[in-house]
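Protein chains in written order, with our numbering: chain A, 9 to 213; chain B, 9 to 349.
Errors might be hidden in some of the hints.
Stated by the list, open to error - Derived Cβ-Cβ restraints for the label pairs, each shown as a range:
(1) A:Met193 / B:Asp283: 45 to 55 Å
(2) A:Asp125 / B:Pro299: 49 to 59 Å
(3) B:Pro275 / A:Ala34: 42 to 52 Å
(4) B:Asp169 / A:Ala34: 46 to 56 Å
(5) B:Asp337 / A:Ala34: 20 to 30 Å
(6) B:Glu267 / A:Ala35: 38 to 48 Å
(7) A:Lys197 / B:Ala345: 52 to 62 Å
(8) B:Thr114 / A:Ala35: 51 to 61 Å
(9) B:Asp227 / A:Glu159: 51 to 61 Å
FYI, nobody ran anything at the bench for these hints, they're computed from the structure.
Ideal Cβ placement from N, Cα and C applies to all residues, glycine included.
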Amino acid sequence: MRQACASGAAQAREGKLRVAVVDDNAARAAIVEEGLRETGLSEIVRLKPSAMLLREIADSAPDVVIIGLGEPGRDILEHMFEVTRHVPRPIAMFVDSSDAGTIERAIEAGVSAYVVDGLRKERVRSVLDVAIGRYNAFSRLRADLEKARSELEERKVVDRAKAILIQRRGLSEDEAHRLLRRSAMNENKRLIDVAQSIITASGLL
Amino acid sequence: MATTLHIGFVPLADAALLVAAHEGGFARTEGLDLVLHRETSWAAIRDKLNIGLFDAAHMLAPAAIASTAGVGHVEVPLRLVAPLGLNGNGVTLCLALAGELERELTGTHGGVPTPRETAQAMRAIARRRAQERRRLTCAVVFTHCAQLCQVRHWLLEATPDGEDPLADIDVVVIPPPYMVDSLALGQIDLFCAGAPWNLLAQGRGVGRVLHRCATIMPDCPDKLLVTRATATLPDWAPALSCAIEAAATFAAQPAGRAELAGWLARPDFLDLPRDLMERVLGGHVPTLFEPADTVDPEYLRLDPEALVIARRSLPALARQMVTCGQIDDARARSALARLIG
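Looking at chain A on its own, in the form it has when it is part of the complex (with noise of 0.2 Å):
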C-alpha cells in the first residue's frame, strides 16, 4: 500500500524530479548541481556527508541520491533498503539490470545513485548520466590541475639550475639550456633529474 502511494506521488512529480547531491567537495557538488540545472531540473538539495545523513535526506525527501561512490555515507543510506519502516518513502540504489553500461561507467567514474521506488528509470539514467559526465569532468580538471602544478614546479627546478650554469660558468640562458640538454641526452636521464643534481651538488660544493 505504501509502495503504490510513493510510486503514484513519484510519478506526479516527475516533471519537478528532486535531486539530493551529498559531496563532501563543494566544488565538485557545484558543478554537478549545475549541470543538473541545465538539464531544467530545479529542486536540487546540497548535503554534506555526516552522521545525519539519513535524517537529512529523509527531511528532504529527494527522488534521486547522487554521492560519490567512496563516500562513508553510502553505508548509511544502503542501510536504508533495510530500514524502509522508519522512512516514508523507501529508497533503492539504482541497478538497472538492463543497462549494466551505464552501472559501469557510473562506478568508474566514482558516482553512484539512490533512487525511490517507483521511479521510471530512464529519468534516473538521464540525471545519473549528468552526474558521471560531470564527476569525470571534475577528475579531469583536477588530473590538469595536479599536471600544471607538478609542471610549474619542474620548470623552477630547471630554472634554478640554469641561474647556478651562468653564474658560475658564464653561459647565456640558451647555452645553459643546451648544456642541461645534452647532459640529460648522454647520460640517459631525464633533463628534470640533471637540473636537480646541479641544485644538490652545487649546495655541497
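Go by the hints and put chain B onto chain A.
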C-alpha cells in the same frame, strides 16, 4: 612473472594481515604483487569488486554473506579467499551513558561486572529512556555486520523469552569515522565498532569502552578476504591464502607484531600513532571497570589458529545473522555454501 592483484581495504586494524602480506614480502614470495587500495565505504568495496576494479577485498563477513545472497537489492556473489582474523570489536558508551550505567550498577556487583549484569543495567536504562521519550541510539558499522549481532546477543542475556532485546533501542548505521564525532555531539549514545575506534573514542575523551566483544561473543569471525565468485576459483587464490597464513604466523610473534604496528601506523594505512596500534595488536584495551593494565589476548586475534577458528565459525555467524533478522535462514545457508565453496 609476478601476478598483480588490486585489493581494496578499509583502514581498520583487521586489515593487518593484508598489510603484513604486502609489507612483509609474504605475497611476493608467493609470486603475487599486491596493490592495496584504501577505501572508506563498504558499499564502494563491493561495487569495485563487482566490476573487477578490485581482484579481492577486505570485507565484513556478514556483508559478504548478504552480498552473495543478494539481500538489499545488490547481488554480488563472492568467494572466500581467506579469513583475516577473529574478534576485534568493542562496545563504547558516551560519557553520560557510562556514568548512568555506573550509577545503575552501584551496589549490585563486586569488581568487574559480567556482561549479564551490564545487560540488565543497560536494558533498565533503555526502558526508562524510552518511557521518557529519550530513546537510546546505538550505532553499528553496516547493515550486515557482526557488531549488531554482538550487541543483540549481549542484551539477550537480560531479556525475557520472546522479547526483542533491542525493543527500546534505536539502531542506526554510521561509518566509524563519523561515530566518534557523533558520540561527542550526543547524536548517538553508544556504538559497536571494530578496532581501533573504541580506543580512539576513549583516547579523545568522548567515550568509555564497556565491553570487548570477544567477551560477549567469543571466537567471532569479523573480516574476510573475498573475491568475486566465478565458475572456478582464480589461480592466484590459493597462493594469496598462503600469503595470509604466512602473515598470520609473522603477526603471532612479538617481533612481527611490533613491526606490523609500525606499518599500520603509516599515513598510507591507518595513519594513527604507533603506540595506539601496539595497544590494539597487544589486546591492551581495558574496559570501564577493569584495571588500566588489563590485557586480553582474545581482543583481536590474527594468528594462524584464529584463521582456522574463523573459517569454522562462519556457519554460527550466519545463524546469528538470521537471529538478528539480517537475513532469512534459507538464503543464509545457500549464500554461505557459495561463499565457502
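Verification of the hints:
1. Checked against the hint of 45 to 55 Å, the pair methionine 193 of chain A and aspartate 283 of chain B passes, with Cβ atoms roughly 51 Å apart.
2. Taking the beta carbon of each, aspartate 125 of chain A and proline 299 of chain B are about 53 Å apart, inside 49 to 59 Å as hinted.
3. Between proline 275 of chain B and alanine 34 of chain A the beta carbon distance is about 24 Å. The supplied range of 42 to 52 Å is therefore violated.
4. Between aspartate 169 of chain B and alanine 34 of chain A, the C-beta spacing of about 53 Å keeps the proposed range 46 to 56 Å intact.
5. The hint said 20 to 30 Å for the Cβ distance between aspartate 337 of chain B and alanine 34 of chain A, and at roughly 47 Å that hint is violated.
6. Here the CB-CB span from glutamate 267 of chain B to alanine 35 of chain A is close to 40 Å, well matched to the stated 38 to 48 Å.
7. At about 58 Å, the CB distance of lysine 197 of chain A to alanine 345 of chain B agrees with the hint of 52 to 62 Å.
8. Separation of threonine 114 of chain B from alanine 35 of chain A is about 54 Å and conforms to the stated range, judged on CB atoms against 51 to 61 Å.
9. A beta carbon spacing of about 56 Å between aspartate 227 of chain B and glutamate 159 of chain A agrees with the range 51 to 61 Å that was offered as a hint.
In the structure shown, a violation is registered for the earlier hints numbered 3, 5, in ascending order.
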